[in-house]
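Protein chains in written order, with my numbering: chain A, 1 to 116; chain B, 1001 to 1116.
Quick caveat, the hints were computed from the structure, so don't treat them as lab data. Even glycine gets a Cβ: it sits at the ideal position worked out from N, Cα and C. Don't take each hint at face value.
[Stated by the list, open to error] Taking lysine to any residue pairs in the SDA-like style, the calculated list, with each CA pair at most 25 angstroms apart, reads:
1) A/58 x B/1046
2) B/1024 x A/40
3) B/1024 x A/69
4) A/22 x B/1037
5) A/69 x A/41
6) A/22 x B/1041
7) A/77 x A/31
8) A/58 x B/1074
9) A/58 x B/1097
10) A/69 x B/1038
11) A/58 x B/1058
12) A/69 x A/39
13) B/1024 x A/111
14) A/58 x B/1068
15) B/1024 x A/46
16) A/69 x B/1068
17) B/1068 x A/27
18) B/1024 x A/39
19) A/58 x B/1038
20) A/69 x A/40
21) A/22 x B/1024
22) A/77 x B/1104
23) B/1024 x A/58
24) A/22 x B/1101
25) B/1078 x A/42
26) A/77 x B/1024
27) A/77 x A/41
28) B/1078 x B/1101
29) A/22 x B/1104
[Claimed, not checked] Take a look, some chain A residues computed to stay more than 12 angstroms from chain B by CB distance:
30) 7
31) 12
32) 85
33) 113
Here is what each chain is made of, one letter per residue.
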Amino acid sequence: AQSVAQPEDQVNVAEGNPLTVKCTYSVSGNPYLFWYVQYPNRGLQFLLKYITGDNLVKGSYGFEAEFNKSQTSFHLKKPSALVSDSALYFCAVRVDYGGATNKLIFGTGTLLAVQP
Amino acid sequence: DAGVIQSPRHEVTEMGQEVTLRCKPISGHNSLFWYRQTMMRGLELLIYFNNNVPIDDSGMPEDRFSAKMPNASFSTLKIQPSEPRDSAVYFCASSPGTGGRAGELFFGEGSRLTVL
């Protein structure tokens, strides 16, 4: 069964410093991995995804994620954090029914707090 | 594009009452999802429709919950009778479907339900 794990409930970083939000995955077959962000009192927003190709995926708002097959990880990164990046971040994996599917399983979320 | 539209945004009701949550997906999207978010359980997929047909309802908690999608532009999630433990934020999301954009979900702003 497909699953993702986000080992950190919260990540604190100073504005201007690089940030990393961790995600590990467990899948049978090829992984389809996603990052979403949720701002307070809002729905989730798609940030980026990995399906195949380059291990470094670039997404919205300057975020990127590195796919590492040997470590089964898909960490979200940004070179320089902004206070406005403070939000709840979710890693997700697409469920494989053996055919086409849109079903995602989300991790527990990591709260990113960027201090000015 | 108006995005995914959910109503009501907030609902407060008493235990035992029927609750109906509504969702209008983005035009042209053929997948629709209902998620529930709580502090304790995180983000849970309740049901997933593809081309108006329920594909996976394994996340529906019990018989008190039901969901319908009578056409491509409207879906409802009904709870009857409601219980305090149903208090949560319910999100509707839609997706363009399979292919290159599979897994890219567009979330509504959510319906915050409080059952007293």
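| query | Taken at face value, is the distance from the CA of residue 39 of chain A to the CA of residue 69 of chain A at most 25 angstroms? | reply | violated, 30 angstroms
| said: For residue 58 of chain A and residue 1038 of chain B, compute the direct alpha-carbon distance and say whether it is at most 25 angstroms. | reply: violated, 30 angstroms
| field | Restraint status (C-alpha distance of residue 1024 of chain B to residue 39 of chain A at most 25 angstroms) | value | Roughly 21 angstroms between the alpha carbons, so the hint for residue 1024 of chain B and residue 39 of chain A holds.
| task | Verify the proposed pairing of residue 22 of chain A with residue 1104 of chain B, using a straight-line Cα cut of 25 angstroms. | result | holds, 20 angstroms
| query | Are the Cα atoms of residue 22 of chain A and residue 1024 of chain B separated by 25 angstroms or less? | reply | It is violated: about 33 angstroms lies between the C-alpha atoms, which goes past 25 angstroms.
| Is it true that the CA of residue 58 of chain A sits at most 25 angstroms from the CA of residue 1074 of chain B? | violated, 33 angstroms
| message | Checking one constraint from the list: CA of residue 22 of chain A to CA of residue 1101 of chain B, max 25 angstroms. Satisfied? | response | holds, 24 angstroms
| query | Can the restraint linking residue 77 of chain A and residue 41 of chain A be considered satisfied, given a maximum Cα separation of 25 angstroms? | reply | holds, 24 angstroms
| task | Would you check the hint for residue 1078 of chain B and residue 42 of chain A, treating anything up to 25 angstroms between C-alpha atoms as holding? | result | The hint holds at about 22 angstroms.
| query | Under the criterion that the straight-line Cα-Cα distance not exceed 25 angstroms, is the pair residue 58 of chain A, residue 1068 of chain B satisfied? | reply | Violated: residue 58 of chain A and residue 1068 of chain B sit about 37 angstroms apart, past 25 angstroms.
| Is the straight-line distance between the alpha-carbon of residue 22 of chain A and that of residue 1037 of chain B 25 angstroms or less? | OK: residue 22 of chain A and residue 1037 of chain B at ~21 angstroms, within 25 angstroms.
| query | Is it correct that the beta-carbon of residue 12 of chain A has no partner in chain B closer than or equal to 12 angstroms? | reply | Check passes; 20 angstroms lies beyond 12 angstroms.
This entry does not satisfy hints 1, 3, 5, 8, 10, 11, 12, 13, 14, 16, 17, 19, 20, 21, 23, 26, 28, going by the numbered hints stated previously.
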